[in-house]
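Novice: Sequence:
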Amino acid sequence: MLRNYSFVASSAWIRYIVLALVAATLCAFLAMWQNDRRQQRDAEIATIESNYNASPVDFADAVEGTSAELRHEDEWTKVEVRGRYEPQLTVLARNRTVNNQPGFYVIVPFTTSSGSQVLVNRGWVPAPSTGAASPDQVPQPPSGETTVTGWLRPTEDGSKDNNPDGIIRAIDTERVPGLSDPYEHVFVQMGAEDPAGEEGLSPLPAPSLDPGSHLSYTFQWITFGVMILIAIVFTIVREKKTRESSQDKPTTYVVVDKDALKHGSASGTRYGTSLHRTRDSATRRARRSVRDEEAEDAELNQQGL
Numbered sequence: 001m002l003r004n005y006s007f008v009a010s011s012a013w014i015r016y017i018v019l020a021l022v023a024a025t026l027c028a029f030l031a032m033w034q035n036d037r038r039q040q041r042d043a044e045i046a047t048i049e050s051n052y053n054a055s056p057v058d059f060a061d062a063v064e065g066t067s068a069e070l071r072h073e074d075e076w077t078k079v080e081v082r083g084r085y086e087p088q089l090t091v092l093a094r095n096r097t098v099n100n101q102p103g104f105y106v107i108v109p110f111t112t113s114s115g116s117q118v119l120v121n122r123g124w125v126p127a128p129s130t131g132a133a134s135p136d137q138v139p140q141p142p143s144g145e146t147t148v149t150g151w152l153r154p155t156e157d158g159s160k161d162n163n164p165d166g167i168i169r170a171i172d173t174e175r176v177p178g179l180s181d182p183y184e185h186v187f188v189q190m191g192a193e194d195p196a197g198e199e200g201l202s203p204l205p206a207p208s209l210d211p212g213s214h215l216s217y218t219f220q221w222i223t224f225g226v227m228i229l230i231a232i233v234f235t236i237v238r239e240k241k242t243r244e245s246s247q248d249k250p251t252t253y254v255v256v257d258k259d260a261l262k263h264g265s266a267s268g269t270r271y272g273t274s275l276h277r278t279r280d281s282a283t284r285r286a287r288r289s290v291r292d293e294e295a296e297d298a299e300l301n302q303q304g305l
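For the sequence shown, counting from 1, position 154 maps to 154 in the UniProt record's numbering; every step adds exactly one.
Simulated from the structure, these hints should not be mistaken for lab results.
Here the structure is a predicted model, which is why all the values come from computation and not from measurement.
Mixed in with the good hints there might be a few duds.
[What the hints assert, rightly or not] Derived SDA-like pairs: lysine to any residue, alpha-carbon spacing no greater than 25 Å straight-line:
no.	residue 1	residue 2
1	Lys-241	Pro-56
2	Lys-160	Lys-241
3	Lys-160	Ala-132
4	Lys-78	Thr-147
5	Lys-240	Ser-6
6	Lys-160	Asp-194
7	Lys-160	Gln-189
8	Lys-78	Pro-205
9	Lys-78	Gly-144
10	Lys-78	His-185
11	Lys-160	Glu-193
12	Lys-78	Pro-56
Whenever a hint applies, use it, and build me the whole structure from the sequences.
Specialist: Below is the structure:
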């Protein structure tokens, strides 16, 4: 039975099979990649659900020191921090969208009671309708001793940031001038402050709990990979049946009478026509031979031989 599939050992079929296996393998890797992203997103959602609405903890207890990294499981931890704002060091983080409207985050350094500084994202302001690079004024924070309640967020990479003074692209302590002892890897996204500052800031929306389309993409890539394998197997089986059916057909031979061709009875004709004419000529010769023999026998009988 395996001999019926010997054609797959040809160079052309080996190329087809290798190409199909490479494509199916690529689909498998993409499916695993999407599944990894789904698991990461599920972990993010679990962290948000666990931390976002929990009771606030003291900022100093949640963050070990100014150089401490924010662990994934500690993101969106609700904290309270006491100290005072430094409004003269305010910067605006550009290209921030809320409800599909472009604008800025208002980032104000906050000196904690321990003397270290942490960036606070106080909220959002829309981009100027006049087309100006930034708003002329933003709502001011409260002065004096203030308690800020918010959530821990990891700082962003601003190494490629190149903006005018007072504007940043990434929330990065290295891009904010005037800081003396900042928390390098964490900032606070404000939910409330006591006392309250000037009105005019839009609060930031709660983080999304949408799991995304990673699961459906995982199944799609698995389906594509299986379809590729099924297609190559189907093609091989169909090729085998085609070859077998061609072998089962009877072979037709064309017989040409050389004598007939020599006498010119089928000169310049196709083989099929030559066969028909040659058969007719041979039949006529056979009939003439029989008649000649009968006439010769009759003549001998008359002579009494």
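Novice: Decide if the proposed pair is consistent with the structure: Lys-78 and Gly-144, CA atoms, cutoff 25 Å inclusive.
Specialist: holds (23 Å)
Novice: Between Lys-160 and Gln-189, does the CA-CA distance stay at or below 25 Å?
Specialist: Measuring from Cα to Cα gives roughly 23 Å; hence the hint holds.
Novice: Given the hint that Lys-241 pairs with Pro-56, does the C-alpha gap stay at or below 25 Å?
Specialist: violated (72 Å)
Novice: Between Lys-78 and Pro-56, is the straight-line Cα distance small enough, at 25 Å or below?
Specialist: holds (5 Å)
Novice: For a C-alpha distance cap of 25 Å, please report whether Lys-160 and Lys-241 respect it.
Specialist: Judged against 25 Å, a Cα distance of about 62 Å means the pair is violated.
Novice: Run the distance test for Lys-78 versus Pro-205: straight-line Cα separation, threshold 25 Å.
Specialist: holds (15 Å)
Novice: Taking 25 Å as the top limit, are the C-alpha atoms of Lys-160 and Ala-132 close enough?
Specialist: Given that 25 Å is the threshold and the Cα spacing comes to 23 Å, the pair holds.
Novice: Under the criterion that the straight-line Cα-Cα distance not exceed 25 Å, is the pair Lys-160, Asp-194 satisfied?
Specialist: Judged against 25 Å, a Cα distance of about 35 Å means the pair is violated.
Novice: Has the given pair, Lys-160 with Glu-193, been kept, meaning a C-alpha gap of at most 25 Å?
Specialist: With a Cα-Cα distance of about 32 Å, the restraint between Lys-160 and Glu-193 is violated, given a limit of 25 Å.
Novice: Does Thr-147 lie within 25 Å of Lys-78 when you go C-alpha to C-alpha?
Specialist: holds (13 Å)
Novice: Holds or violated: are the alpha carbons of Lys-240 and Ser-6 at most 25 Å from each other?
Specialist: Cα-Cα ~9 Å, so holds.
Novice: Is Lys-78 close enough to His-185, meaning Cα to Cα at most 25 Å?
Specialist: holds (16 Å)
Violation of the numbered hints given earlier is confined to hints 1, 2, 6 and 11; the remaining hints are satisfied by the structure.
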